[in-house]
Structure formats: structure tokens, C-alpha cells
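*Asks:* Quick note, the sequences are listed as chains A, B and C, same order.
In this text, residue positions in the first sequence follow our numbering: the first is 1, and each later residue adds one.
In this text, residue positions in the second sequence follow our numbering: the first is 275, and each later residue adds one.
In this text, residue positions in the third sequence follow our numbering: the first is 540, and each later residue adds one.
A couple of the hints might just be wrong.
Stated by the list, open to error - Cβ-to-Cβ under 7 Å is the rule here; a few derived chain A residues that face chain C:
no. : residue
1   : E16
2   : N37
3   : Q83
4   : G139
5   : I164
6   : G165
7   : H168
8   : V235
9   : Q238
Unchecked claim - Dumping the calculated DSS-like pairs for lysine-lysine here, alpha-carbon to alpha-carbon at most 25 Å:
no. : chain 1 : residue 1 : chain 2 : residue 2
10  : A       : K73       : B       : K491
11  : C       : K748      : A       : K171
12  : A       : K262      : C       : K801
13  : C       : K623      : B       : K491
14  : A       : K247      : C       : K801
15  : B       : K490      : C       : K623
16  : C       : K748      : A       : K262
17  : C       : K760      : A       : K171
18  : A       : K186      : A       : K114
19  : C       : K819      : A       : K247
20  : A       : K220      : A       : K263
21  : A       : K130      : C       : K819
22  : A       : K171      : C       : K720
23  : B       : K499      : C       : K660
Treat the hints as calculated values from the structure; they're not laboratory data.
The beta-carbon is built from N, C-alpha and C at its ideal position, and this holds for glycine as well.
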Amino acid sequence: MIEVKDIYFTYPTGVEALKGVSLNIGDGEFVAVMGQNGAGKTTLVKHFNGLLKSAKGVVLVDGVCTRDVSVAKLARKVGFVFQNPDHQLFSETVEEEIAFALRNFGFDQATIEKRVTWALNLLDLTEYRKTSPFMLSGGERKRVALASVLAWDPSVVILDEPTIGQDHRQKENLRQFIVQLNGQGKTVVVVTHDVEFVAECNPRVVLMTAGKVVADGEAKKILTDTNLALTASIVPPQITQIFLGLKDLGLPSDVIDVSESKKILLDYLGAAKH
Amino acid sequence: MSVFEGFRFRHVTSLIHRLDPRVKFLYVLAMFVVAIIFTEFLPLVVLFFLQIPFVIVAGVKREWLRSLRGAVFLVTMIFVFNFVFGYFYHTYPTGAALLEYSLAMALRFLVLVESFSVFFLTTSPDHLSLALEQSHVPYEFTFAFTTAVRFVPVLAEEAQTIMDAQKARGLELERGNFLKRVRNYIPILIPLIVSAIRRSLELAEAMESRAWGATKKRTNLYVLKMRLGDVVLIVLSIILIVVGVYVHYYVSIPPLSRFLPPLSF
Amino acid sequence: MAIIETNALTYMYPGGTKPSIRDVSLSIEKGKFVILTGPSGCGKTTLCRCFNGLIPHFYGGDLKGELQVVGLKVDEHPIYEMAKQVGLVFQNPENQLFALSVEKDVAFGLENLGMQRDEMKERVDWALQMTGIDELRDRAPHELSGGQQQRVAIASVLAMQPEIMIFDEPTSFLDPLGAQKIFEVINELKNKLGITVILVEHRLDLASKYADQVIIMDEGKIVLDGEPREIFNSETAWLLGVGVPKAVRLWNVLQENGLVLKGVPVSSEEATRFLREVLKR
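In isolation and in its complexed conformation, chain A is listed as follows:
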């Protein structure tokens, strides 16, 4: 359970990245932190595992203030998958890479082996166990990075822009995987500007702009709000755009889903006939 109480953060360069942000994330929630590049999304989530500590305000993870604990200790509970897997990969084999964090956290050898096998299996990487991570393709390296974080079974998993550079199928697989993770009880926080991706999952959305949270609620409501879209400089999902253009015909505009659109349109036509 993560509690953020009125935090402010300014980078040493002088950039004010967070200007008074408060929010709570409960156990098992699925949250998408959204907004333009530069809105403060990554800065915010870096406070969840203590990588950044705010000058004002407080961040509590399971009741413990992040200022009082080391990043390594917080990392045990809060896993962070960075945007670029190449910023993490350094080992000779995929196996070693996954075992790295487990060793840091002091797991015994037997547990490490079990966990590594489990993680390899989970991310479909078993055939690459003894391969060098540098020999793998971009998508495979992303999976290795993900596996190496999930290996220690953190209760919170943060993914920073996981869809960048991925093709459609990879995004689909990722989406299903994240939903599955969340289904297993993990708290999942995804930082993303990919509106279509979020539209498919319909999680809770925390929308940020210029260092502040401007909306916090259901994806459907937030992504279809044109005023918010303007304030936060985001582009609504394509389906929503289509329906926004048909507002004058009396159709609802809070639609983000293809199947829902089909139903609405067919109903409308059915009704028109009578």
C-alpha cells in the first residue's frame, strides 16, 4: 500500500518536476500513470521505491517512510522495471542476470535456483537460460529485464513505459501478461503515454500534467474527457475520437472499446428504425 502525501520534487538542474502530488495506491490495484512526456510521471514513481526522495511531504510504503529506509530495502517490496533494458543487463548469461537481484537480497542458493527457473518459465525464456543477454533481440532483452525483477516476487511492480518500440503483438502479449500479474494479486503501476494500450485494459488512471495530478479515476471517464485531454495534452483513443465527432447525433462519447462501440451503434440504428 503506497501513500503519497503532498510531495514536491525539484531536480538539481532546477526543473520542478512535482508540485504537490498526493495519492494512495491500495494493494492489488492496477494503476496507469499517464501524461505527456515531461509531466512528472517517472519522477513520481521513482519516489515509490525511494530512488528519489522529496524535500517536502512524505511517501509511505506499507507504513514506512521512504526517507527512513534504503532503496535496496524498499526494492524488496517494490520492483521497478526501467524503460531501457540495456540499462540493467550486464551478466554473462540470462540465468546470472535473473539471479543478480536474488543474490543481492540474500536468498540462499536453493531458492535462487528455484526462482530463476520459475522466472525463465514465466517469461518464456527457458531456452535462453545459458545465452548471453547481449545476443538476444530487443524484445527478448525486455523480457529478461522483466524476469529479473519478477524473480524476487515483489508485491508491487512498476513498469516505466513498457510499450516503447514494441510492435502490436508484443504490446498485446505484454498487456495480457500485466493483467495476469495483477490478477495474481500484485499491485501493478504502469507509467505510459500509450493511450490505446490503456484503453484496452481500462485500469485506474492517474493523469498528470506539469508536475500535478489533474485527474484520478476510471480510464474510461478520464480518456474520454475532452477538457482533460486539452489540459494534459493527450490524444484520446481513436474510438473515442470517432464518437466525439458523432456527439450531435445523440451518441455517448465515453467509449473506448471496439465491442462496446459496435453495440452502441447497432442499438442506435435498431432504435432509429422504430
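Place chains B and C on chain A using the hints.
*Replies:* Below, chains B and C alone, put in the same frame as chain A:
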């Protein structure tokens, strides 16, 4: 690190900033030569104060002071070393002469730091590389120089990101004995190096795609032209050397002890 | 008139185990906007590198088959000659900018070509204006946002006035609004200057409306090549897992349920228009 802070270029413009870097370098060389000529304290004091107007006109007082502050340690070391060495080897007739010599050596170093600092504080890397190019340094070198400077902030940020990523996997950089700490930097260095290699490959692709190597006679968007200020500085530098040499050979410089109470030991 | 023509083009990177592109035969007309897409690893990036000579000159290896770009046989001309006709904008904006100011970066290619200063200045001004970044000319690349950096990269390629401009996933690192702006700039270049555009992209929902031709690759081969509306509607595109725009999906789903629209919409505006006609009846 503050010694280096004093050398970093800032986005300011002043008369001094706009001078041709080649001319500024000539001035630094002149200062260097004259400073080396003298081992007496007084002329070096003159040289020290001679540069202050440049600092003020350039508006880089704060950074310049920082570079001097950073040099304090070395300056003190030079003084101590010369004094101790001279004392045990009886190189100087009187204690006062030894003191003056040691002070002069320390001050000479300071004068050199001062002039180099002014140079780097008032010369943008762009300007500098242009000067190098026009001085017929092969383009490969100046390009390597500017590209390196351009990527310094990028690499610094990347190093920070990598450290964060590994810290988030439980890596503790502050714990452990010396050997362990060094080993702990491997997960930081490897991604950094791999990333640098990848980056250079991408840069090379981009360079080739923008006609790198099309002709040996590469042109430049900018050109350095000597202006009045540059000519004035050249003249000043020459006068400096001439006066310096003259004073050294023909003028007897009073030792410091003339102005201080006698010291004997 | 075809400005790019290939026949049975096949290439394997040195040390590779299988060819990255196999038997690629395509034809691109002058002045068209072509989208090249396909799952990761399908060979689209490799194909782009063939068009400006990076393959075979920079990467080595053996390029088999025929390839003519702007009438030139790529393997017979060094990259710097191809660069005058074919510009390539890469995915990561940061790694395409070398200089310490935007202006100098835009001039980079022209300096390499040994252009005279006066002409260079004109070209630089022109390129900056065409990409809408004139006010950024004195800024350092590190101070710019990703979208701005990418526009600088485009300007620096544009300054060389190539006939063809290839964009390899230029919006990967940008947010949707930034991506939209880039596509608009690219489209303007095509419309105003008649530049042939090849855009490698996954974000088809934003880019499709500009395309005259869509080429889909998979495992090194061309699987589909034709008019956007036909391509997106095909079964193969769906099966490959290509990111067909949602508007097309909606059209498809409606068609299955007996609701037929005037045509296949490739943008939200088109979809709205087609739907409006049907709903107003």
C-alpha cells in the same frame, strides 16, 4: 572537483567571450612564458593582478574564484615543497630569500591556473573547435572533441539511470570493503560501456548518412574573423613578453625582504 | 515513375545465420508516402539501410539482387553520394545530433559536402523554417525535448534536399502528441516539396491517413503491398499482428454485423464521416 568547475564554459557573452580563441590562447602562452621567466615574487604579483580586469570584463568572477579556491591545495603543496626542499638543501642564502622563492613558485602556479581558467571560462567548446579547425587541426580530431563535449551531459544522465536501475535490484553501492565496492561498480560500468558502444554505432550510421567523408575540403558554417579587439590583445601580449624579458634582464627587482621585517634562520 | 525499384533483393549481415531480407521485390513511385511496417525483426530496418547504401558499404556482407534508387545502383556508389539523394532519419533523436547548437547540426551534412557558406546559410534557414524550429537555432541539443530533437534531425537531413526521405520509427520515443506533430511535418514535406517519403512505423493509427501505399513485411519477405485500405482490411494483416488502426477494426466488426460503411476508414475523421452518413439515414 571545484577546480574543474572553474573551467566550465557558461552561456554568457562579453567582450572577452567574443575574442578569437586563437588570440586568447596566444595571450595565455604569453602569460605562461613571462611567468616562467621570473622567480621573483613582485613581478608575479603584477602578473596576477594584470589578469583581473579580464575576469571582471568577462563577468566570470564567481566561477574564476571557484577555480582559484580549488587550486589552493596544490598551491599550498608547491609552497611547502619548495620551502622544505630549499631548507634542507641550503639553496638560498637567507631565510627571507627562501621564503620569497617558495611564495613565488606558489604564486606562479596560481597565475597559470588563473590564465587558463579565464581562457576556458570565456571560450565555448564550439568556438574552441572552430579555432582548432581553422588552425588546420584535422577535422576528425575537432569533431571527436565537440561530439565528446556534446555527449558529456547525456552520458552523465545515463550513468545515473543505470545506477538507479541497479539500486532498484538491491545493489548497494555504499556498503562493503574496498574490494567489494569496486566489484559493485561492474553492474554499472558494463551497461554504460555497452550503451556507449551502441551509441557510437548509431552515431556512425547517422554521420555516414549525412555524407561524412564526401570531400576532403570540408567547409564550415561559421568562420572566425579577427577583429579590433583581437588585434589589441595580440599587441598587448607582445608588449607583455617584451616588457617581461626587458625587466628580467635589465631591471633589478627588489626582493620581498626589502618590505618585510628581517627573517633569519 | 519508380524512384525505388528492387528485384529479388536478399541480404544477410556478416556473421548472420539467415538472411534479414529475402527476395524483396518492390516499386515505389516518386512523390508517394509509403508506410513500411511489420512485426519486430521482419527486416524493415534492414531494407531501409539498403536504400541509402549503409548496406552494403557500412555493414559489409553480401547484397544480392537488384536495387536502383533514383536511378543509381546502390552498390556502385559510396554512401556519401547516396546521401545527396536519400536521407535517413533514425529512431533515436539523441544519437543523430552531434553539434553543440541546432544550427550547426543542420549544417553538418552541407559542411561535409563542402558547400559554400552563403548557400549553406540559406539552406539552413530554409530547413529550419520548413520544420518549424527556427526559434531553436541557437539551442544546444541536450536542452531540447525528444520531439524537438527529432525535428532537428529531420531538418538536418532535409537541408541536403534529398529526393527521398526515409524515417525509421521516428516517433518511438515520443508521446502521441509529439508523434502526431512529426507526422504532420513529414506530410508537409511530401506535399510542399514533392519528397518521396518512406515511413517505418508501428503506430498505424496516427500515420495511416497520410499513406499512399502500405508495405507489410514478415520474416524478411514482403507479404502485402498495396493501397492502405485494402491492406488493412486483409486477413493476413490481422494474422501477422500488425497494429491495424482501431477505425478499421470497428469497420470490420460493423460489417460482420450487417452495417456497411462507404469505405474502409483509415482515420478517426473518416470513420466519423462514414458513420454519420449511415446513421443519418
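*Asks:* Please go over all the hints and tell whether each is borne out by the structure.
*Replies:* A quick look at each hint next to the structure:
About 16 Å separates the beta-carbon of E16 (chain A) from the nearest beta-carbon of chain C, more than 7 Å, and the hint is not met. The interface hint given for N37 (chain A) holds, since its Cβ lies 5 Å from the closest Cβ of chain C, which is under the 7 Å cut-off. Interface hint at Q83 (chain A): violated, since its Cβ lies 9 Å from the closest Cβ of chain C, which is beyond the 7 Å cut-off. Proximity of G139 (chain A) to chain C holds as hinted, the smallest CB-CB distance being about 6 Å (cut-off 7 Å).
About 6 Å separates the beta-carbon of I164 (chain A) from the nearest beta-carbon of chain C, less than 7 Å, and the hint is met. Proximity of G165 (chain A) to chain C holds as hinted, the smallest CB-CB distance being about 5 Å (cut-off 7 Å). The closest approach between the C-beta of H168 (chain A) and any C-beta of chain C is roughly 3 Å, which is under the 7 Å cut-off, so the hint is satisfied. With 7 Å as the threshold, the beta carbon of V235 (chain A) comes within range of chain C, its nearest partner Cβ sitting at about 4 Å, so the hint holds.
Taking 7 Å as the C-beta contact cut-off toward chain C, the hint placing Q238 (chain A) at the interface holds, the least distance being around 4 Å. Straight-line distance between C-alpha atoms of K73 (chain A) and K491 (chain B) comes to about 59 Å, which puts the hinted pair past the 25 Å bound. With a C-alpha separation of about 22 Å, the suggested pairing of K748 (chain C) with K171 (chain A) holds against the 25 Å cut-off. This hinted pair checks out: K262 (chain A) and K801 (chain C) have alpha carbons roughly 17 Å apart, not beyond 25 Å.
For the proposed pair K623 (chain C) and K491 (chain B), the alpha carbon gap of about 17 Å is at most 25 Å, so the pair holds. For the hint pairing K247 (chain A) with K801 (chain C), the CA-to-CA distance comes to about 20 Å; that is within 25 Å, so the pair holds. Taking the CA atoms of K490 (chain B) and K623 (chain C), the gap is near 16 Å; set against the 25 Å cutoff, the hint holds. Taken as a hint, the K748 (chain C) and K262 (chain A) pair is honoured in the structure, with Cα atoms around 22 Å apart against an allowance of 25 Å.
Straight-line distance between C-alpha atoms of K760 (chain C) and K171 (chain A) comes to about 22 Å, which keeps the hinted pair within the 25 Å bound. Proximity of K186 (chain A) to K114 (chain A) is assessed by CA-CA distance (about 20 Å); at most 25 Å being required, the pair is judged to hold. At roughly 13 Å between alpha-carbon atoms, K819 (chain C) and K247 (chain A) fall within 25 Å of each other, so this suggested pair holds. For the hint pairing K220 (chain A) with K263 (chain A), the CA-to-CA distance comes to about 16 Å; that is within 25 Å, so the pair holds.
A hinted pair counts as satisfied when its Cα atoms are at most 25 Å apart, and K130 (chain A) with K819 (chain C) does not qualify at roughly 62 Å. Simply put, K171 (chain A) and K720 (chain C) have alpha-carbon atoms about 23 Å apart, close enough for the 25 Å limit, and the pair holds. For the hint linking K499 (chain B) to K660 (chain C), the alpha-carbon distance of about 17 Å falls within 25 Å, and the restraint holds.
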